[in-house]
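Enquirer: Keeping their order, the protein sequence lines are chains A and B. The opening position of the first sequence corresponds to residue 1 in the working numbering, with each subsequent residue numbered one higher. The opening position of the second sequence corresponds to residue 1 in the working numbering, with each subsequent residue numbered one higher.
Some hints here could point you the wrong way.
To be verified - Calculated cross-link-like contacts (lysine to any residue; reagent style SDA-like; alpha-carbon spacing at most 25 angstroms):
#1 A:K399 with A:N50
#2 A:K350 with B:I86
#3 A:K72 with A:N50
#4 B:K80 with A:K72
Stated by the list, open to error - Here are some, though not all, of the chain A residues that point toward chain B, as calculated from beta-carbon distances under 10 angstroms:
#5 L47
#6 D100
#7 L161
#8 S298
#9 I423
#10 I427
Said to hold, decoys possible - Away from chain B, derived, C-beta distances all over 10 angstroms, residues of chain A:
#11 R85
#12 G103
#13 N151
#14 A299
#15 T331
#16 L337
#17 N453
#18 L456
Please keep in mind that the hints were generated in silico from the structure rather than gathered at the bench. We put the CB at the ideal spot given by N, CA and C, even for glycine.
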Amino acid sequence: MTRFVTRREFLNLVGAVGGSSAALRAGSALGLLPVTKTAKALDLFALGTNSKKVAILGGGLSGLTVAYELGKRGYECTILEASHRCGGRVFTVRNGDLIDEIGNRHYCEFDDEPHMYFNGGAARIPSFHNNLLAYCKELDVELEVFVGENNNAYFQDDALLGGKPVRIKDYKTNVRGFLGEMLAKSMSEQEMNEPFTELEAENLLSIIHSFGDLREGGEYTGSSRSGYKTGGFTTHGVQKDLIEFRDLLKSRLGGRIMTASEGEQGPPLLQAKDGMDNIIAGFLRVVGQEVKYRAMVSAINVTNNGVEITYDQDGVRHSLNVDYCFNCIPTHLITGLDHNFPADYVKAMKYVRRGDAYKAAFQAKERFWEKEDIYGGITRMNNRSSSIWYPSGGIHKNKGVILAAYNFQGGLYHTNMTQEERIESHIKDGERVHPNYRSLVEKPVTIAWHRMNHMLGCAARWNRSRSGWTAEEQLMFDTLQKPVNGRHYVVGDQITVHVAWMESAIQSAHWAMEDLDKRVRAELA
Amino acid sequence: MLILPWMKANAAEENGSYDDRYCTTCHGADGRGNYGVQAPRLAGMEPWYLQRQLENFRAGLRGVHPSDIEGIAMRPMATKLTDESIADIIEWVGSWDYVSTENPYRR
Ligand SMILES: Cc1cc2nc3c(=O)[nH]c(=O)nc-3n(C[C@H](O)[C@H](O)[C@H](O)COP(=O)(O)OP(=O)(O)OC[C@H]3O[C@@H](n4cnc5c(N)ncnc54)[C@H](O)[C@@H]3O)c2cc1C
Chain A
1 MTRFVTRREF LNLVGAVGGS SAALRAGSAL GLLPVTKTAK ALDLFALGTN SKKVAILGGG
61 LSGLTVAYEL GKRGYECTIL EASHRCGGRV FTVRNGDLID EIGNRHYCEF DDEPHMYFNG
121 GAARIPSFHN NLLAYCKELD VELEVFVGEN NNAYFQDDAL LGGKPVRIKD YKTNVRGFLG
181 EMLAKSMSEQ EMNEPFTELE AENLLSIIHS FGDLREGGEY TGSSRSGYKT GGFTTHGVQK
241 DLIEFRDLLK SRLGGRIMTA SEGEQGPPLL QAKDGMDNII AGFLRVVGQE VKYRAMVSAI
301 NVTNNGVEIT YDQDGVRHSL NVDYCFNCIP THLITGLDHN FPADYVKAMK YVRRGDAYKA
361 AFQAKERFWE KEDIYGGITR MNNRSSSIWY PSGGIHKNKG VILAAYNFQG GLYHTNMTQE
421 ERIESHIKDG ERVHPNYRSL VEKPVTIAWH RMNHMLGCAA RWNRSRSGWT AEEQLMFDTL
481 QKPVNGRHYV VGDQITVHVA WMESAIQSAH WAMEDLDKRV RAELA
Chain B
1 MLILPWMKAN AAEENGSYDD RYCTTCHGAD GRGNYGVQAP RLAGMEPWYL QRQLENFRAG
61 LRGVHPSDIE GIAMRPMATK LTDESIADII EWVGSWDYVS TENPYRR
């Protein structure tokens with residue numbers, strides 16, 4: 001039997017769990033924003049007449065960063081990339097592109113137009129990822145705004161209002177109204193009197209009133225913030241009916257809806273115009289000639305004065321001897337190579353697990369979302385496909401590409417399905433929001449990172465417990481971050497504490513190059 | 001995007017016939033096995049056993065139980081194989097020498 005709690009009881013409950021300061025702290029934990037110092041030019045020693053050879057294993061963003069920076073200082077770099085393309089998890093699919101999933105190799109059939117692309121990996125750049133942004137500028141990679149937050153997009157949950165999609169603005173406005181009312185009521189009852197001066201209390205009340213769009217007396221009776229039911233331009237607007245508080249509380253996703261566009265995923269976000277892999281193309285304009293494609297590294301032997309690399313290309317085994325090696329191959333794949341790494345290094349590599357991110361996209365035959373006042377942004381659903389992303393660009397063109405599913409943590413659910421099952425699942429889920437979805441979408445692509453050739457996963461997982469890193473985990477991380485013999489560096493976002501961001505891949509490369517630089521300066525001094 | 005020749009492997013190759021030789025991505029260099037992917041050693045495996053297992057995965061006799069996470073990882077690979085490609089793979093795997101999965105630190 002359900003027991004009801006009165007508002008007063010509820011406020012007491014909140015108080016009992018620690019009162020406002022605990023609530024405030026919980027709120028700021030949302031952010032968890034790492035501090036990025038402003039991008040600084042790397043101060044690395046230029047070799048001049050000295051010569052040094054470098055092998056870069058994997059053409060991921062961190063590897064390309066190393067090739068670019070060390071190339072500038074006169075190092076002779078070779079990039080060995082197992083796949084047919086560079087970029088790894090920075091992957092944009094367009095007409096004709098291969099999606100090299102093991103057991104589900106398929107090709108993208110989107111119309112061949114600049115705005116018809118899908119970012120199957122990295123898709124958003126927070127405005128404080130300074131090193132990445134600095135490279136975009138330096139390499140002439142055109143950026144544009146990525147629309148992530150759109151209050152006109154939908155929230156759909158079968159448990160909420162009979163499954164009818166609700167505009168995010170309606171959900172948020174009403175929740176804020178009721179939360180505001182609760183706060184205002186508790187204020188007027190002198191409950192929060194103590195710690196405030198009169199002026200502070202007055203200002204707090206005014207914040208609460210505008211937070212919730214409350215009437216005089218702290219009452220919430222609906223708001224025109226989320227627009228009118230009818231009119232508003234040439235005739236007077238008619239206010240929408242409010243959604244009952246109890247109804248709003250039926251969804252488990254409420255908290256996520258209220259905060260989805262905060263922290264690192266909050267506006268303003270940026271993206272590379274016409275596809276995120278234009279960042280990779282920017283690097284390749286400078287270091288592209290140094291890449292060997294379909295060159296799969298099979299052995300790494302670290303010696304006292306260098307590194308001996310073996311790789312297979314076109315069915316032929318090659319060897320490459322270098323002074324230094326930077327390796328961005330995912331650690332759980334490095335363990336399958338022939339190598340002579342120290343035991344503690346191998347132990348760390350074996351420990352790291354990988355997240356199983358999954359994304360899918362459709363070509364839309366028409367831009368049906370624009371007819372519903374949606375331009376860019378994200379609809380959130382309480383089902384396995386989880387999201388629909390409407391494109392930020394290509395506004396008012398005939399067609400567009402939409403994200404049909406995104407699961408960053410639990411992607412194995414779709415990964416383990418056949419291509420047909422995946423597509424059917426996304427269509428069924430999307431129909432909950434857009435009734436004619438099935439007839440509006442075509443030409444699907446699915447990107448199951450856990451099965452993507454030469455990646456087999458997405459985010460490196462260093463800590464097994466939600467409560468943070470253990471001392472042992474930190475020790476393993478420190479071990480793997482340091483070079484073997486001063487010769488072999490593992491790089492990539494996998495060697496950071498903030499995985500699955502391009503900025504992290506770049507910062508790990510910077511860390512490794514700065515470490516190398518000390519050694520090179522000492523040697524050549 | 002302007003695609004210059006060095007920005008990708010050549011397109012003919014990319015769009016070429018289906019490539020069955022994904023084995024080493026999971027099973028490690030020369031099929032030595034990879035703990036990181038929980039994929040066992042293939043090098044040195046008896047041809048009849050290799051064939052039987054590939055056929056079992058393909059037929060859904062192996063790698064289908066929901067709790068068999070590793071088997072589920074292997075199965076999609078096998079479902080795509082034809083009898084000819086299995087024969088071809090057995091020959092390829094036969095060319096790998098047995099090596100220990102664990103690599104002791106040696107200099
Ligand atoms: C679904 C998804 C969403 C993401 N969203 C964002 C986002 O919004 N914003 C953001 O900034 N970041 C995002 N990221 C993270 C970002 O893509 C990565 O952090 C970054 O690209 C990692 O770069 P890396 O240098 O570590 O190399 P990786 O991309 O891991 O590349 C590794 C390379 O090694 C190659 N390789 C593997 N084996 C071998 C071998 N034996 N021999 C030679 N080469 C080999 C691979 O083919 C690959 O090219 C996302 C990632 C995913 C998957």
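Enquirer: Any of the earlier hints contradicted here, and which numbers?
Expert: 1, 2, 4, 5, 7, 9, 10, 11, 12, 14, 15, 16, 17 and 18
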